Amino acid sequence: MVELGLLRRGVSLRKKCFFRLKSTALASVFDEHTFDWNPNLDTRKYTFEWNPNLDPRKHTFDWNPNLDTRLGDENRAELGLGVVETLTPKLFPLVARVFHSLSWKVAREITFNDAVEKYGLSHSIEAFGIMVHIFSLAGMHREVHGLLREIICSYDAFNYDRYKLFPTLISLSNRVEISAAVFEVLMKVFASFSMLEHALDVFFQAKDSGIELNVLSCNFLLKCMANGNRIGSVRSLFDEMKSSGPSPNVYTYTILMDFYCKGKTGRWDENIDQAYEILEEMWTCGMVPTTVTYGTYIHGLCRSGHPESALSFLYDLRRRNQELNSNCYNFIIYSFYRKGELDEAMKVFELMKSNGVPPDAYSYNVLIDGFCKKGNFLKGLRFLEEMEADGIRPSLVSCTALLDALCKSNQIEIAMAMFRKLGSSGYESDQTLYNIFIDGYCKLGDLDAAEKLLEEMTQNGLVPDVINYTSLLWGFCKAGCLDKASKLFQLMQDVGAPLNTVTCTVIVHGYCKEGLIDEAFMFMEKMQVHGIVPNLYMYNSVMDRLCKEMKSEKAKELLLLMLKSGLVPDVVIYSTLIDGFVKQENLKEALQLYARMIKDGVEPNVITYTSLIDGLCDTCRMYAAWSLFKEMTGKGLIPDNISYTAIIAGFCRIGKMKEAWELFNIMMERGILPDVVTYSCLVDGYCNLSQMNNARILIKEMEQRNLAPNVVTYTSLIAGYQKLGDQVKARGIFDEMMERGILPDDITYLVLATNAG
1 MVELGLLRRG
11 VSLRKKCFFR
21 LKSTALASVF
31 DEHTFDWNPN
41 LDTRKYTFEW
51 NPNLDPRKHT
61 FDWNPNLDTR
71 LGDENRAELG
81 LGVVETLTPK
91 LFPLVARVFH
101 SLSWKVAREI
111 TFNDAVEKYG
121 LSHSIEAFGI
131 MVHIFSLAGM
141 HREVHGLLRE
151 IICSYDAFNY
161 DRYKLFPTLI
171 SLSNRVEISA
181 AVFEVLMKVF
191 ASFSMLEHAL
201 DVFFQAKDSG
211 IELNVLSCNF
221 LLKCMANGNR
231 IGSVRSLFDE
241 MKSSGPSPNV
251 YTYTILMDFY
261 CKGKTGRWDE
271 NIDQAYEILE
281 EMWTCGMVPT
291 TVTYGTYIHG
301 LCRSGHPESA
311 LSFLYDLRRR
321 NQELNSNCYN
331 FIIYSFYRKG
341 ELDEAMKVFE
351 LMKSNGVPPD
361 AYSYNVLIDG
371 FCKKGNFLKG
381 LRFLEEMEAD
391 GIRPSLVSCT
401 ALLDALCKSN
411 QIEIAMAMFR
421 KLGSSGYESD
431 QTLYNIFIDG
441 YCKLGDLDAA
451 EKLLEEMTQN
461 GLVPDVINYT
471 SLLWGFCKAG
481 CLDKASKLFQ
491 LMQDVGAPLN
501 TVTCTVIVHG
511 YCKEGLIDEA
521 FMFMEKMQVH
531 GIVPNLYMYN
541 SVMDRLCKEM
551 KSEKAKELLL
561 LMLKSGLVPD
571 VVIYSTLIDG
581 FVKQENLKEA
591 LQLYARMIKD
601 GVEPNVITYT
611 SLIDGLCDTC
621 RMYAAWSLFK
631 EMTGKGLIPD
641 NISYTAIIAG
651 FCRIGKMKEA
661 WELFNIMMER
671 GILPDVVTYS
681 CLVDGYCNLS
691 QMNNARILIK
701 EMEQRNLAPN
711 VVTYTSLIAG
721 YQKLGDQVKA
731 RGIFDEMMER
741 GILPDDITYL
751 VLATNAG
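In the UniProt record's numbering, the protein residues as written are 1 to 757.
Do not rely on the hints blindly, as some may be mistaken.
Said to hold, decoys possible - Subject to a maximum C-alpha distance of 30 Å in a straight line, what follows is the list of computed DSSO-like cross-link-like pairs (lysine-lysine):
1. Lys658 <-> Lys548
2. Lys556 <-> Lys630
3. Lys374 <-> Lys353
Said to hold, decoys possible - FRET-style restraints, in silico, Cβ to Cβ:
4. Ser244 <-> Asn376: 41 to 47 Å
5. Gly305 <-> Thr458: 58 to 64 Å
6. Asp273 <-> Val568: 38 to 44 Å
7. Lys635 <-> Val529: 39 to 45 Å
8. Gln592 <-> Asp518: 24 to 30 Å
9. Asp273 <-> Ser243: 20 to 26 Å
10. Leu724 <-> Asn376: 55 to 61 Å
Note that these hints are calculated values from the structure, not bench results.
These numbers were taken from a predicted model, which means no experiment stands behind them.
From the three backbone atoms N, C-alpha and C, an ideal C-beta is built for every residue, glycine too.
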């Protein structure tokens with residue numbers, strides 16, 4: 001039997017770490033697996049015995065197969081591994097070599113999976129379990145993790161009960177001294193496989209076995225439980241740690257606080273209340289929360305939509321001289337930014353500086369992005385300059401937000417100058433930056449500049465993506481350059497650029513815009529060959545064009561095709577069709593579509609109602625129109641100028657001027673300003689009733705609002721005076737119209753001729 005003292009010396013020299021085995025267990029292991037040293041034999045070699053003069057990794061020993069190597073039944077029963085008649089050493093020579101060498105390479109000579117297939121689970125888990133404990137006692141936790149991970153994978157592959165793994169490892173305690181690290185690593189391995197119930201079971205079984213676990217391992221498990229949203233397990237583990245150890249530390253409380261602050265257990269207000277209770281418990285226990293703890297709670301308040309409360313809490317911390325870092329302020333700055341309250345975000349930014357906490361790149365980036373999105377690129381530029389003055393090199397994110405704002409404000413030349421300066425300062429332009437400029441030039445109609453940038457981009461080693469190509473395609477289609485758009489689309493296919501529905505929708509919309517419906521249909525068929533299925537936007541582009549060409553029946557056929565393909569029409573599709581049929585004076589079909597829309601659960605919008613009201617008013621069905629108008633407002637939809645004008649025009653058409661005037665006043669009270677069409681409808685209504693004074697009053701009001709009467713307004717006045725037989729005033733209105741440069745149309749001349757005759 002090997003001397004314990006010599007073994008310790010060997011291990012000290014090998015790994016400079018001390019571990020020990022129970023002497024009785026060691027005797028049991030090595031007495032029952034006898035090996036003889038014979039330097040003259042060159043048979044099966046195993047590193048087994050310590051010789052201080054030799055490197056233990058090279059010192060080999062020979063196994064004498066003639067010796068009795070059976071493991072007694074009593075010993076096997078003691079291990080809980082079952083009883084067999086005889087057992088050769090099998091894996092134990094390997095275990096001995098691992099013990100002496102602490103070599104991971106030696107341990108890897110056979111995998112656990114192969115060992116189980118060759119020797120069975122009982123013997124394999126006994127041998128590998130001892131190796132796990134050997135590595136653990138040597139402090140080699142990476143090797144412990146590797147072995148346990150392999151064992152768990154094999155348990156899963158062979159469909160063994162993983163819950164029995166812990167008791168099996170415990171049963172080796174009479175062979176090897178138990179190391180808590182084994183079970184801490186086992187917990188971590190289970191957790192890494194998302195086997196959180198198994199990991200928690202190891203925790204409780206270790207506690208029941210009297211094994212003292214490290215708080216760091218328990219925190220790791222608690223973090224995994226929190227990430228997995230295991231509400232009950234999180235609380236159970238935390239309570240167990242408080243009641244029987246290991247005692248929670250600041251990080252433990254912070255994990256639990258973060259769990260509640262992410263809103264994973266129900267209502268936000270309840271979560272935030274529980275997070276604050278954790279903070280109070282820390283204070284009661286005499287713990288000093290870290291800046292991370294405070295930042296976690298502040299972040300939670302901001303996530304719940306209460307940056308004001310977060311700011312108040314921050315003020316309270318400052319009064320108590322608690323240490324805060326930039327994150328605590330940044331969470332509040334970002335929260336106000338998300339709410340669009342940039343002035344409040346600015347106040348927190350200034351407070352941060354006055355409290356001696358220097359803003360970081362994130363602080364500046366949020367404000368730069370916020371002001372740039374509001375169109376205030378000058379303020380964004382000032383922040384960028386301040387950032388550089390503070391010694392913080394602006395990131396590409398900061399510059400991108402500013403350049404994007406400049407391009408959207410039609411300041412593309414200034415943006416381009418900055419872009420070139422960035423390149424000379426060592427910044428590497430990416431696809432996002434190029435796309436900002438390509439998109440900007442396309443919107444300005446400067447397609448040559450956009451094409452040159454795309455070419456420059458490829459020369460700089462960047463491969464244009466679908467966004468770059470789509471922006472340029474949109475520019476070509478907007479300008480009516482469909483030939484160029486088709487060539488670019490073909491280039492995308494040639495270079496293998498990915499095609500998507502958005503790209504194809506741009507092409508379809510371009511064809512429809514130019515009235516090339518047949519080409520749009522052919523492209524849609526070609527597109528489907530590439531596996532791209534038309535979406536709602538694509539269908540709506542085609543249907544809208546068909547309706548404008550008074551082909552609403554054909555557009556409705558597309559609706560049926562959509563339904564057949566599984567697409568559910570939205571309010572835009574229905575509104576397009578309804579408006580098309582209304583304009584074709586097919587009100588019956590429009591109302592049937594409206595009924596189907598309601599049946600399908602699609603809520604009408606203001607456009608839907610306005611189209612139907614307009615159609616009903618044109619056919620003098622005012623009660624039905626008024627009913628729809630009230631239905632629209634009853635649903636909380638706010639009528640716009642067009643909606644009010646449609647219903648006012650309807651009442652004027654049937655001579656209900658009282659109702660029309662009341663609606664006009666309601667419209668004004670709600671801040672919806674009438675336009676020349678609204679006034680013209682009222683003027684026409686009063687003229688039809690020969691109430692010329694009211695009509696003239698409206699003309700003066702129009703002029704006070706800087707709304708010039710148009711040919712329709714003047715024609716109504718002429719018709720009104722002609723109806724009264726006042727040819728002089730009628731002729732005077734005509735002359736006034738001509739003096740103002742408003743040319744009469746055919747209806748004007750017809751009115752003059754008819755009444756004159």
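query: Between lysine 658 and lysine 548, does the CA-CA distance stay at or below 30 Å?
result: violated, 35 Å
- prompt: Quick one: are leucine 724 and asparagine 376 within 55 to 61 Å, going by C-beta?
  reply: holds, 58 Å
message: Verify the CB-CB distance for glutamine 592 and aspartate 518 against the hinted window 24 to 30 Å.
response: Taking Cβ atoms as reference, glutamine 592 and aspartate 518 lie about 28 Å apart, which means the hint holds.
- prompt: Is 38 to 44 Å right for how far apart the beta carbons of aspartate 273 and valine 568 are?
  reply: holds, 41 Å
- request: Could you check the hint for me, namely that aspartate 273 and serine 243 are 20 to 26 Å apart, CB to CB?
  value: The hint (20 to 26 Å, Cβ to Cβ) holds, given that aspartate 273 and serine 243 are roughly 23 Å apart.
query: Is it true that lysine 635 and valine 529 lie within 39 to 45 Å of each other by Cβ?
result: holds, 43 Å
task: With a cut-off of 30 Å on the C-alpha distance, tell me whether lysine 374 and lysine 353 pass.
output: holds, 24 Å
- prompt: Under the criterion that the straight-line Cα-Cα distance not exceed 30 Å, is the pair lysine 556, lysine 630 satisfied?
  reply: holds, 28 Å
field: serine 244 paired with asparagine 376, Cβ distance criterion 41 to 47 Å
entry: violated, 58 Å
query: Do the Cβ positions of glycine 305 and threonine 458 conform to the proposed distance bound of 58 to 64 Å?
result: Violated, at about 45 Å.
Against the hints set out earlier in the document, violations occur for numbers 1, 4, 5.
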